Amino acid sequence: MRRRDHLNHQLLNILTWAIVVVSLLPIAWMVLSSLRSYGDIVGGKQLDGGFSLRWQNYVDMWTQVDFLSYFGNSLFICGATTLLATLASACAAYALARYRFRGSDAATLGITVTQVVPGMLFFLPLYMLYQHLHQQYGLRMLNTYHGLIFLYVALFTPASIWIMRGFFVSIPRELEDAAIIDGCSRLGAFVRIILPISAPGIIATATFIFLLAWDELFFAWILTDSPSVQTVPVGIRLFIGQFEHRYDLLMAAATVSTLPVLAAFFVTQRYFIKGLAAGAVKG
Amino acid sequence: MKFYKRIGTAFIALAALALPARATELNLWVMATTDSQQHDMQALLKPYLDRHPGLRINVTVLNWEAAWSKITVAAVAGDGPDIIELGTTWVPSLAAMDVLEPVGADTLHDVGGATAFFPALWGTTHPYNDAHIYAVPWYGDARAAFYRTDVFKAAGVDPAEAFRNWDTFRAALQRINGMTVGGRKIAALGYPGKNDWNVVHNIMPWIWNAGGDVTSADYRHSAINSPASVAGVTYYANLAAQGLVPKSALEQDSGQIESNFCNGDYAVIFSGPWLLKPLHTPKARGGFQETVAAQNFSIAPYPAGPKGAYTFFSGSDLAVMKASRSKDAAWRVVAYLTGRDAEIQYTRMTSMMPARVDAANAPELTADRDYRALLSAVHNGRHYVSIPSWGPLESVYVKGLGNVFDIVAGVKGAYAPAAVKHQLDLTANEANDLMAQLQ
Amino acid sequence: MTDIQHTTTPLRTTAPSKARKRRFDSYPYLLLMPAVLMMLCVNLLPILQGFWMSLLKLNQYTLHQYLDAPFVGLDNYRHVLMSPGSPIRAGLAGALRNTVLYTLVVTISSIVIGLGVALLLNRDFPGKRLARTALMLPWVVPSYVVGTLWGFMWQKDTGIINVVLVDWLHLLPSKPFWLLGPGTFWAIVIPTVWRGWPVLMLIFLAALQSIPQDLYDAAATDGASKFRQFIHITLPCLLPVIVIQFMFQIIDNIYSYNIVSMMFGNGAGHPGEWGDLLMPLLTRQSFNYWLFGQGSAVSFVIMALMLMFVGMWMTAFKRRMTSDA
Numbered sequence: 001m002r003r004r005d006h007l008n009h010q011l012l013n014i015l016t017w018a019i020v021v022v023s024l025l026p027i028a029w030m031v032l033s034s035l036r037s038y039g040d041i042v043g044g045k046q047l048d049g050g051f052s053l054r055w056q057n058y059v060d061m062w063t064q065v066d067f068l069s070y071f072g073n074s075l076f077i078c079g080a081t082t083l084l085a086t087l088a089s090a091c092a093a094y095a096l097a098r099y100r101f102r103g104s105d106a107a108t109l110g111i112t113v114t115q116v117v118p119g120m121l122f123f124l125p126l127y128m129l130y131q132h133l134h135q136q137y138g139l140r141m142l143n144t145y146h147g148l149i150f151l152y153v154a155l156f157t158p159a160s161i162w163i164m165r166g167f168f169v170s171i172p173r174e175l176e177d178a179a180i181i182d183g184c185s186r187l188g189a190f191v192r193i194i195l196p197i198s199a200p201g202i203i204a205t206a207t208f209i210f211l212l213a214w215d216e217l218f219f220a221w222i223l224t225d226s227p228s229v230q231t232v233p234v235g236i237r238l239f240i241g242q243f244e245h246r247y248d249l250l251m252a253a254a255t256v257s258t259l260p261v262l263a264a265f266f267v268t269q270r271y272f273i274k275g276l277a278a279g280a281v282k283g
Numbered sequence: 001m002k003f004y005k006r007i008g009t010a011f012i013a014l015a016a017l018a019l020p021a022r023a024t025e026l027n028l029w030v031m032a033t034t035d036s037q038q039h040d041m042q043a044l045l046k047p048y049l050d051r052h053p054g055l056r057i058n059v060t061v062l063n064w065e066a067a068w069s070k071i072t073v074a075a076v077a078g079d080g081p082d083i084i085e086l087g088t089t090w091v092p093s094l095a096a097m098d099v100l101e102p103v104g105a106d107t108l109h110d111v112g113g114a115t116a117f118f119p120a121l122w123g124t125t126h127p128y129n130d131a132h133i134y135a136v137p138w139y140g141d142a143r144a145a146f147y148r149t150d151v152f153k154a155a156g157v158d159p160a161e162a163f164r165n166w167d168t169f170r171a172a173l174q175r176i177n178g179m180t181v182g183g184r185k186i187a188a189l190g191y192p193g194k195n196d197w198n199v200v201h202n203i204m205p206w207i208w209n210a211g212g213d214v215t216s217a218d219y220r221h222s223a224i225n226s227p228a229s230v231a232g233v234t235y236y237a238n239l240a241a242q243g244l245v246p247k248s249a250l251e252q253d254s255g256q257i258e259s260n261f262c263n264g265d266y267a268v269i270f271s272g273p274w275l276l277k278p279l280h281t282p283k284a285r286g287g288f289q290e291t292v293a294a295q296n297f298s299i300a301p302y303p304a305g306p307k308g309a310y311t312f313f314s315g316s317d318l319a320v321m322k323a324s325r326s327k328d329a330a331w332r333v334v335a336y337l338t339g340r341d342a343e344i345q346y347t348r349m350t351s352m353m354p355a356r357v358d359a360a361n362a363p364e365l366t367a368d369r370d371y372r373a374l375l376s377a378v379h380n381g382r383h384y385v386s387i388p389s390w391g392p393l394e395s396v397y398v399k400g401l402g403n404v405f406d407i408v409a410g411v412k413g414a415y416a417p418a419a420v421k422h423q424l425d426l427t428a429n430e431a432n433d434l435m436a437q438l439q
Numbered sequence: 001m002t003d004i005q006h007t008t009t010p011l012r013t014t015a016p017s018k019a020r021k022r023r024f025d026s027y028p029y030l031l032l033m034p035a036v037l038m039m040l041c042v043n044l045l046p047i048l049q050g051f052w053m054s055l056l057k058l059n060q061y062t063l064h065q066y067l068d069a070p071f072v073g074l075d076n077y078r079h080v081l082m083s084p085g086s087p088i089r090a091g092l093a094g095a096l097r098n099t100v101l102y103t104l105v106v107t108i109s110s111i112v113i114g115l116g117v118a119l120l121l122n123r124d125f126p127g128k129r130l131a132r133t134a135l136m137l138p139w140v141v142p143s144y145v146v147g148t149l150w151g152f153m154w155q156k157d158t159g160i161i162n163v164v165l166v167d168w169l170h171l172l173p174s175k176p177f178w179l180l181g182p183g184t185f186w187a188i189v190i191p192t193v194w195r196g197w198p199v200l201m202l203i204f205l206a207a208l209q210s211i212p213q214d215l216y217d218a219a220a221t222d223g224a225s226k227f228r229q230f231i232h233i234t235l236p237c238l239l240p241v242i243v244i245q246f247m248f249q250i251i252d253n254i255y256s257y258n259i260v261s262m263m264f265g266n267g268a269g270h271p272g273e274w275g276d277l278l279m280p281l282l283t284r285q286s287f288n289y290w291l292f293g294q295g296s297a298v299s300f301v302i303m304a305l306m307l308m309f310v311g312m313w314m315t316a317f318k319r320r321m322t323s324d325a
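Residue numbers (my numbering), protein chains in the order written: chain U, 1 to 283; chain B, 1 to 439; chain V, 1 to 325.
Rather than coming from a laboratory, the hints here were simulated on the basis of the structure.
One or more hints might be untrue.
Each computed DSBU-like pair below joins lysine-lysine, with the alpha-carbon atoms no more than 35 Å apart [unchecked claim]:
1. K185/B - K45/U
2. K175/V - K412/B
3. K412/B - K45/U
Owing to the predicted nature of the structure, the values given are computational and were not obtained by experimental measurement.
Just chain U, with the same shape it has in the complex (with noise of 0.2 Å):
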């Protein structure tokens, strides 16, 4: 019984390293473009040029556009809409997956409508809305990090909100309920009793949601004019033009975006160890 567990045990791990393995080989395919001329990319030659490597499209690309003002921008605008909209919809997820009450069948509807508006649509009253702003109340809007922070929270916010209210449904009931038998108030049993709990669950809507924020392009492009309020997105996208195509500082550019996701959640990992969720129920 033993030897047949522990065969299995082995050959579940071939198989997953081996769908690691076939899920980044377009990764692969994209680091080694990142690594060729343009030219050698159009024409399929990736694999041709051996080991000469061509490192300076790692050096041009911070040259080429102002990429290093669109990192730095990107950092700031997605960490600040990552903290900021974490936290209203894990309150606001919270409330809805505990609380039955007058009007959360309304928010809930109001939430689920506001992902099936089409982008397309509220474009330009989103606008006016921000150049209104400026004009009735002098508060600038268009071209400044609060004003894309502020739309990103408020678009990505409800997303979140399902799915951390997932979460929190599956989480049972009994634990707030003793914690505050206890003497615990509600807001401690949710900060001091849930929210470890449900650790893994709020890590990964955090990246969901910087995620959605680090890819989000068109409302970039929409809603600001210069390179030090500008983008990640909308640098890489500035690398192909109609009769410039430099597809290989792309790759590079995209590279080297993965990059501060890849280390934060690598880091975050901890978080999912079984652990750390079990132990608060056992007795």
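Start from chain U and add chains B and V according to the hints.
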């Protein structure tokens, strides 16, 4: 105490007078034509900014899709940049949207008026039925054939004869197709199919040279399925159907075709002045200078069709938006950028061509053999009709003409000229529906 | 940390519902407020304005008037829904068919693969931290780069996929077109699935982590096989998350835009009959022509249909998705 207060106030008043006047700030939107457009624009504007110390110009670099969205919101919101670069095909549409400021008499005088610029480009500065001028031409690009001199030589084909007319052209391609040159098999011709923004521009010279056009003479109906237009499209499509263009070219875009020309896949392609830049740039800086193609190419005009020998001549114009709060300053910058020296400098940066005749004929530019070849093509340059609905119409044609290439590639059933005609009929219907919408 | 004691019936089970009826409990409202306020600001006004735009003749000539453009009532709706000459109708049937097929294939594949890999990663094995991070990579690559990257991979003669399939593995006799013709459907489905399943895996993995281990232990003691444990413990616990993700995947895929637009000519070209999806079509056939009135009308029609879908979905799975109160 009062005495010191008085001295203090006087001092402040004097100081305020001595401060420079508040700087004028202009916003300029340009398209990403070079690969470091922001730096290049700063370099281009520097002489002007040095002469005007109180002036600040903020440059925003866009590419074409972003430009459409941003211009749309600017049109609605009534804000936007002071100066904007617009493709020649867009000016009539935007003029009709009432967002462009007509060019004033002073500026017209400063830039030299209509005669200072190539006629085809000057025609793009206003809708055909509007006497006001809305933009000043900045740079142009005329298309021509880029061909491999070594391949032609090895095949015993005389370039002048090959590009004389459609029949000689096809004959020359047939002789070259499939030759092995320098150990590589080479295809005669390469052109992109539908996965390209250039679809209409690529096919237009062939339609014009057969006597066709995109709209009827009264601009009210589509003429893409007129017998002449169909003849032009069919000739062009047949080149691929007969195998003179490899089928795999049809899924690529213009940029990839150009790169693959440099890689040695095709003996002939049709391209424009922008290709000169990578051909003259070393590989270390992202170019193709060391390739066999770059060492052995030359430029020839489009072969003459039954009814003409046109090439497609387009480019970009500079306009000032109605919402600008410093129009005078903006027009002065436009006059500078469209002046002789600035246009020559920009040509050097982008390898496009000046829109001004005097700049285009400048000796420092015409010294280059390839530039001269392109300049001679400009004489036969033609542009689309300046109708306000061209912007949307072009989209319809991009799709409809693109589908023709699908037919040629064989992914929509067997190729037959009747299928091409049918597709053009469908396109004409859709264009007519759209034109009816836009009245 | 005090010991958490289980009691069979927590004292507040019946009291709270009576208490709530007697006094106004502001606590859930306070929790909800920040999110709701933001969403109202950013969504409500645009939706209302968008609806108003759909009642106006808003095209390139009237655009600068914006909301003061001529009022035409339901003309736009009539035009897009019934008139065959509307630009939006050109190619609409094909795009709808493609979008439905695309959504179904991508959603089901992504969820199944995401769940499967989450189960695999939920074990202890050497290098699991590295594996989990590495698997996130497809999702971390920007979506518009994915379009360009796979656009090169799908090239007929030089693309690496055809090289592997035909030259190396001899799985196909000749190199097919992927960027033209019927192949475009798979050319857009496969990158979307490739990019989409990692985030689902992440979410399912997190959900798997919160299933109490003692449920499995109890079942194992009772002699249940791993498979039965999966069916009777794992799936029911995961169901709320699966149901929600399924709905979101469907919504996301119906609105899919970035990958498709970048793969064919870097945003310029038309994907063809089998690669055209609903959003690229609508953007191209209405907004790109500056026909904002009609574009808004069509957007609202789609929104209405999607809301019906969501309504039906939520009604069907209501018990699974809300709290068990």
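Self-check item: Pair hint outcome, K175/V versus K412/B [Cα-Cα no greater than 35 Å]
Solution: Holds - the C-alpha atoms of K412/B and K175/V are around 17 Å apart, at most 35 Å.
Quiz item: Holds or violated: K185/B with K45/U, Cα cutoff 35 Å?
Solution: At roughly 16 Å apart (the allowed maximum being 35 Å), K45/U and K185/B satisfy the hint.
Practice problem: With a cut-off of 35 Å on the C-alpha distance, tell me whether K412/B and K45/U pass. | Solution: Given pair K412/B, K45/U holds - Cα atoms ~30 Å apart, limit 35 Å.
Against the hints set out earlier in the document, no violation occurs for any number.
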